[in-house]
Amino acid sequence: MPLFPILVTIFLALPALSLSDSCPLNISLLHSRSSSDSKARWCGYIFKSLRILQSDYLHRTGFFPPSNASFSCWIALQNHTRQYDIRSSCNLHSSSLSLSCNNITNQSQFEHHFPLSALQPIRNTCNQSLNSAASCTLCTNALSNLDSLLPDNTTDCKTIASIYAASFSDLQHPGTAECLFNVGFPSGKRRRTILIAVFCTLAFFLLVFGVVWAYFRLKQKKKDICKTEMGLGSGLDSMNQSTTLIRFSFDEIKKATRNFSGDNIIGKGAYGNVYRGVLFDGTQVALKRFKNCSVAGDPSFTHEVEVIASVRHVNLVALRGYCTATTNLEGHQRIIVTDLMENGSVHDHLFGSAKQKLSWPIRQKIALGTARGLAYLHYGAQPSIIHRDIKASNILLDRKFEAKVADFGLAKFKPEGMTHMSTRVAGTMGYVAPEYALYGQLTERSDVFSFGVVLLELLSGKRALQIDTDGKPSAVTDFAWSLVRNGRALDVIEDAMPELGPVDILEKYVFVAVLCCHPQLYARPTMDQVVKMLETEESVSSLIEQPLSCIAGRIHTEKSV
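For the sequence shown, full-length UniProt numbering begins at 1 and goes up steadily by one.
Simulated from the structure, these hints should not be mistaken for laboratory data. A hint or two may mislead.
Ranges between beta-carbon positions, derived for each pair [as the list claims (entries may be wrong)]: (1) Ala133 - Phe199: 22 to 28 Å; (2) Val198 - Thr326: 54 to 60 Å; (3) Glu416 - His303: 25 to 31 Å; (4) Thr283 - Val212: 31 to 37 Å; (5) Asn127 - Asp468: 51 to 57 Å; (6) Ala318 - Glu111: 50 to 56 Å.
Okay, derived cross-link-like pairs now, DSS-like style, lysine-lysine, Cα gap no bigger than 27 Å in a straight line [stated by the list, open to error]: (7) Lys472 - Lys158; (8) Lys268 - Lys255; (9) Lys400 - Lys357; (10) Lys365 - Lys255; (11) Lys357 - Lys462; (12) Lys291 - Lys400; (13) Lys254 - Lys268; (14) Lys532 - Lys412; (15) Lys158 - Lys268; (16) Lys254 - Lys414; (17) Lys268 - Lys462; (18) Lys255 - Lys291; (19) Lys532 - Lys400; (20) Lys400 - Lys472; (21) Lys365 - Lys472; (22) Lys462 - Lys472; (23) Lys254 - Lys291; (24) Lys268 - Lys357; (25) Lys255 - Lys462; (26) Lys357 - Lys412; (27) Lys400 - Lys414; (28) Lys414 - Lys462.
The beta-carbon is built from N, C-alpha and C at its ideal position, and this holds for glycine as well.
Model the full structure from these sequences, guided by the hints.
So, in structure tokens, the structure goes:
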């Protein structure tokens, strides 16, 4: 069976043309197809075949096909095979081989219109077989971001962008044409009318269903709120009896924080503020105060208390207690009390006002501690927990710079036996895994991706997302992948980092970071594998099944890092 099943037939009524000018397109890419194909299906293949030939020409020469080659190529295609009259059957004209977009004639001119941050994702995601839904979606999403920056929003400009993306992929694979040039088949007026009628009917029933569903959903939500109002206190009280948690009074909390003094604020977020406090026994604590709570309390408050109370690990923030109260002046109060982390967060030291850069031994300690904490959540906790919001500001540091994973407001308990969960997307831009951002598909490896971004921040001193000189957002993952692919892994390391470690260890940490940030879900290691790679002297390739060639062609799988 041919690799690229395309049938092409050309004008049977074209005027006689000179054959002295040969067609620059590689017609041999095309293969004959069964003559039993319907006319509509046949025309669809013609559309796709033309674009694939143009993509191949761009890949080989760096130019888009010149307009003066149109007629010679039509003759070459006509000689290739004969079936239908393409002019009347498919409504194709000789100009279909030449595209007009802002006078763009070659690849350099096209790339000149866009920042590297918009082009690099296409090069990274389209340079593979696009046969699977996941790989096709990654490529087409990168292409849609490029479409928004086109100099002209015409059909020709969008087609040129698709040809540009296809030039990086496997042109002999049918998935490329299906993914990037999935044109519709020609149809008559009657068929269009039927399709429009079916679509309108379907839209009407969906609207009715949506209204009915929303009504019953609202009723159920009201019932759930009533249940929560009746059971909030008793639920936390029962948890209090089965753990070492302390239920603090609101007066104790006010005294510990000096009546929530502004001088004691050490963090702010959408949920509210975090305060530094001192308990009656002299213990320093951090107090997370939720704002805008109802009688039922903030749902994320009870969830976070439940998650933190269910885990115990040296690299997870420990919960000391909580406070639920209602007063006439302050209203409904929900407060979580945890141990105070004297050295703030990783974000504070990398991007805050710290006067001295973190040394390599401390960064290595933070990376390993964070990995161990996440591995415990995934494989030590019962049921396992997916954090969903791993980022530099949620990795706290105690006085010995021991890493503590914090902020479990978005965490999810994973039911036993489930490979993944489908849920609304949550987290912080720049740290969210692509399969989660695109499809809402949540797994432990979503946390692995976020950990990889934090590790790259530790290694490079660069933010997950930063604005480049052109005013466009630039991802640290793109920066690292570009260097590793070109055999410059050590250039990822931040300049003038104090007490640099051995070159092979630094290089291994870079490889682990980019592997964790791999765009494909199952190319990433698990957190157990990450811990083993970071804390042992074994090579990366000996601990994972995926060969290191998925990171960069220059990395040898036999190399011990």
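Each hint, compared with the structure:
no.	hint	verdict
1	Ala133 - Phe199: 22 to 28 Å	23 Å, holds
2	Val198 - Thr326: 54 to 60 Å	55 Å, holds
3	Glu416 - His303: 25 to 31 Å	19 Å, violated
4	Thr283 - Val212: 31 to 37 Å	54 Å, violated
5	Asn127 - Asp468: 51 to 57 Å	22 Å, violated
6	Ala318 - Glu111: 50 to 56 Å	52 Å, holds
7	Lys472 - Lys158	21 Å, holds
8	Lys268 - Lys255	20 Å, holds
9	Lys400 - Lys357	16 Å, holds
10	Lys365 - Lys255	36 Å, violated
11	Lys357 - Lys462	13 Å, holds
12	Lys291 - Lys400	32 Å, violated
13	Lys254 - Lys268	18 Å, holds
14	Lys532 - Lys412	25 Å, holds
15	Lys158 - Lys268	43 Å, violated
16	Lys254 - Lys414	36 Å, violated
17	Lys268 - Lys462	22 Å, holds
18	Lys255 - Lys291	19 Å, holds
19	Lys532 - Lys400	23 Å, holds
20	Lys400 - Lys472	38 Å, violated
21	Lys365 - Lys472	33 Å, violated
22	Lys462 - Lys472	15 Å, holds
23	Lys254 - Lys291	15 Å, holds
24	Lys268 - Lys357	24 Å, holds
25	Lys255 - Lys462	40 Å, violated
26	Lys357 - Lys412	34 Å, violated
27	Lys400 - Lys414	32 Å, violated
28	Lys414 - Lys462	32 Å, violated
Of the numbered hints stated above, those contradicted by the structure are hints 3, 4, 5, 10, 12, 15, 16, 20, 21, 25, 26, 27, 28, listed in ascending order.
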